[in-house]
Amino acid sequence: MSLQTDHETSTGAPAQKLERGLGPRLLRLEQPHPNRIYLTVAPGDHVAAAVFLFDELSARLATASAVDHRDHLEINYHFALDGDRCVVTVKTFAPKPEPHLESLARMIAGAEWIEREIADLFGCRFDGHPRPERLILADDWPADRHPLRRGGPS
Amino acid sequence: MTRTVLPIGPFHPLQEEAEFFQLYVDGETVVDMDVRISYNHRGIEDISTRRTFDQVPYLVERVCGICSASHPLAYIQAVEELAGITPPERSLYLRTIVNELERLHSHLLWVGLAGHFLGYNTVFMWAWKYREPVLDLLEATTGSRINYANAKIGGSRRDIPNELAPRILSVLSELEGKLEMLTGAVLDDYVLHLRTKGVGVLSREDARDYCVTGPTARASGIAIDVRRDDPYAAYDRIEWNVISAAEGDVFAKAKVRLLECFESIKIIRQCARQLPEGPIEVPVAAIPPGEAVGHVEAPRGETFHYVVSDGGPCPARHKVRAPSYVNIPSFKAACVGQPLADVTIALAAVDPCYSCTERLAVALDARTRRPLYTFDDLVRLSQEKTARLAREV
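If you read the sequences in order, they're chains A and B. Note that the first sequence covers residues 1 to 154 in my numbering. Note that the second sequence covers residues 1 to 393 in my numbering.
Since the hints were derived computationally from the structure, they do not count as laboratory data. It should be emphasised that the depicted structure is a prediction, and the values quoted were computed from it without experimental measurement. Ideal Cβ placement from N, Cα and C applies to all residues, glycine included. A few of these clues could be false.
Derived Cβ-Cβ restraints for the label pairs, each shown as a range [claimed, not checked]: (1) A:H69 with B:P166: 28 to 36 Å; (2) A:P147 with B:P166: 50 to 58 Å; (3) B:P288 with A:R70: 17 to 25 Å; (4) B:N121 with A:R25: 53 to 61 Å; (5) A:P95 with B:K178: 55 to 63 Å; (6) A:R25 with B:M181: 36 to 44 Å; (7) A:R25 with B:R388: 54 to 62 Å; (8) A:P95 with B:L164: 51 to 59 Å; (9) A:P97 with B:R50: 19 to 27 Å; (10) A:R134 with B:P288: 35 to 43 Å.
With the Cβ distance kept under 10 Å, some of the chain A side facing chain B (calculated, not the full set) [unchecked claim]: (11) N35; (12) R36; (13) A64; (14) A66; (15) N76; (16) H78; (17) A80; (18) L81; (19) V87; (20) A111; (21) L121; (22) L135.
Turn these sequences into a full structure, and let the hints guide you.
Take a look at the structure:
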């Protein structure tokens with residue numbers, strides 16, 4: 001449980017491990033700060049990236065977030081590599097008008113709530129989600145209104 | 001099989017705020033559960049995008065009255081990373097002192113509530129009494145018992161004068177003695193062992209699957225702590241230990257929190273003694289476009305903030321994830337198979353915070369869908385079980 005040992009053996013390593021592990025699936029990798037890695041993958045490949053992070057690197061899914069862009073939603077899964085002093089954000093995108101993405105909740109229970117929240121607030125469908133029900137919005141809230149979606153009610 | 005649904009919530013006078021736990025019970029045993037949240041959603045992430053960067057700490061400080069140092073600090077660290085700002089050394093120590101005082105008062109509050117749920121109201125009286133001097137110290141150091149507005153982008157708002165150090169040290173010494181008594185009384189009590197050991201066990205595997213954080217993770221053998229794993233403020237400049245336990249039960253969670261109080265005292269003591277001289281803030285220019293993550297070890301676990309800037313005066317996107325949001329779902333793994341009388345303490349062991357997820361629980365008959373127990377019935381069941389065990393012992 002000594003962090004010193006964990007840290008010495010893996011300094012600078014997470015980025016290389018990710019490059020090796022994800023290969024051509026990795027569209028882009030940025031490390032603006034030694035403790036922060038942002039990687040971009042195509043929709044669908046985020047599942048392989050998440051499985052690699054969670055199973056191989058023992059990462060913890062801290063949370064996910066969505067950012068609304070003009071023509072697509074950017075979906076970020078934030079993984080914490082606690083032993084490596086690093087937070088890895090896996091970025092992918094879901095094109096509008098009907099954004100959807102494969103769910104991670106079947107593999108990682110910790111993804112269940114946050115994906116339901118993003119579905120409610122941004123209107124992104126998560127395919128294969130074990131419980132695709134409302135979490136944040138009331139049951140009688142209109143189906144086509146997503147409070148954090150920009151540009152009208154769609 | 002007769003399945004009964006036991007609803008707790010969404011609104012109940014014993015709960016601070018609305019949250020809805022639906023327990024499915026077979027006789028006295030919980031067989032499944034469901035949680036509904038968001039009865040009081042405040043739209044803080046949306047409001048944040050309509051406040052300037054320096055106004056947002058005021059807003060996120062109000063996510064939770066107890067974690068009112070952790071949320072702003074996580075946000076501030078994200079913005080400082082985004083803009084490449086290095087806060088002065090003295091402010092890092094000031095931030096550490098306020099954040100550890102926050103952990104002390106939060107853990108003491110939890111010990112008191114857990115005591116009440118188990119029918120140990122003396123524990124409740126003691127813990128809340130010892131919590132008072134901690135709140136007084138927060139008032140002396142920040143000007144406020146709650147919502148301290150201590151950290152700001154680029155440093156700290158208010159200095160802790162060196163002359164205050166002797167008072168901080170004397171309050172801590174007095175508290176340490178009382179805490180030793182309280183910890184001994186709680187951890188050595190035979191009836192409390194019967195009520196909490198092997199109860200509400202969250203296995204290491206489930207803890208990892210649910211991605212839990214804080215004392216909930218540390219009591220299940222996952223020794224993670226943002227203060228050590230991604231050091232911020234002055235935590236890497238002082239000596240302290242990460243407390244963990246392997247059992248995953250209610251007892252382990254209580255032990256972790258109680259022992260963490262002593263670590264907090266150690267941390268504050270070193271900060272008060274080694275407080276470096278110098279300025280407490282640096283000037284801050286405009287925040288450039290970009291994205292950043294800030295996370296802080298709040299009393300309940302990791303508080304996670306993700307901030308996106310488009311170069312404008314306000315955050316373009318601000319995601320807030322409080323620790324109970326990942327800890328509460330794990331309650332399902334910990335309470336299925338448990339008798340009803342143990343449910344309140346198994347849930348309380350997670351230290352669920354309504355501000356974290358802002359929301360309550362009930363019990364229904366599976367066939368008739370009629371309510372069977374209210375939350376105070378469950379607390380009563382729990383207290384009666386303790387009284388019965390105490391008589392038998």
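Status of the hints after comparison with the structure:
The beta-carbon spacing between H69 (chain A) and P166 (chain B), approximately 55 Å, falls outside the hinted interval of 28 to 36 Å. Between P147 (chain A) and P166 (chain B) the CB atoms are about 51 Å apart, so this pair conforms to the stated range of 50 to 58 Å. Distance hint check for P288 (chain B) and R70 (chain A): the Cβ-Cβ separation is about 21 Å, which falls inside the suggested range of 17 to 25 Å. For N121 (chain B) paired with R25 (chain A), a C-beta distance near 58 Å keeps the hint of 53 to 61 Å intact.
About 60 Å separates the C-beta atoms of P95 (chain A) and K178 (chain B), a value consistent with the hinted range of 55 to 63 Å. Distance hint check: the CB atoms of R25 (chain A) and M181 (chain B) are about 57 Å apart, inconsistent with the given range 36 to 44 Å. Distance hint check: the CB atoms of R25 (chain A) and R388 (chain B) are about 59 Å apart, consistent with the given range 54 to 62 Å. Restraint check, P95 (chain A) to L164 (chain B): a C-beta distance of roughly 57 Å satisfies the suggested window 51 to 59 Å.
Restraint check, P97 (chain A) to R50 (chain B): a C-beta distance of roughly 26 Å satisfies the suggested window 19 to 27 Å. At roughly 37 Å, the beta carbons of R134 (chain A) and P288 (chain B) sit within the given window of 35 to 43 Å. Against a cut-off of 10 Å between C-beta atoms, the interface hint on N35 (chain A) holds, since the closest Cβ of chain B lies about 6 Å away. Of the supplied interface hints, the one on R36 (chain A) holds, with its beta-carbon coming within about 6 Å of a beta-carbon of chain B, less than 10 Å.
For A64 (chain A), the interface hint holds, the least distance from its beta-carbon to any beta-carbon of chain B being 8 Å, beneath 10 Å. Checking A66 (chain A) against chain B: minimum C-beta separation of about 8 Å stays under 10 Å; hint holds. With 10 Å as the threshold, the beta carbon of N76 (chain A) comes within range of chain B, its nearest partner Cβ sitting at about 7 Å, so the hint holds. Restraint check, H78 (chain A) versus chain B: the minimum CB separation of about 6 Å is within 10 Å; hint holds.
Among the interface hints, the one on A80 (chain A) holds; its C-beta lies about 7 Å from the nearest C-beta in chain B, closer than the 10 Å criterion. The interface hint given for L81 (chain A) is met, as the beta carbon of that residue sits about 9 Å from the closest beta carbon of chain B, less than 10 Å. Given the 10 Å rule on beta carbons, the hint for V87 (chain A) holds: about 5 Å separates it from the nearest Cβ of chain B. For A111 (chain A), the interface hint holds, since its Cβ comes within 10 Å of a Cβ in chain B; the closest pair sits about 8 Å apart.
Using the Cβ-Cβ criterion of 10 Å, the hint placing L121 (chain A) at the interface with chain B is satisfied: the shortest such distance is roughly 8 Å. Proximity of L135 (chain A) to chain B holds as hinted, the smallest CB-CB distance being about 6 Å (cut-off 10 Å).
Of the numbered hints given earlier, the model fails hints 1, 6; all others are met.
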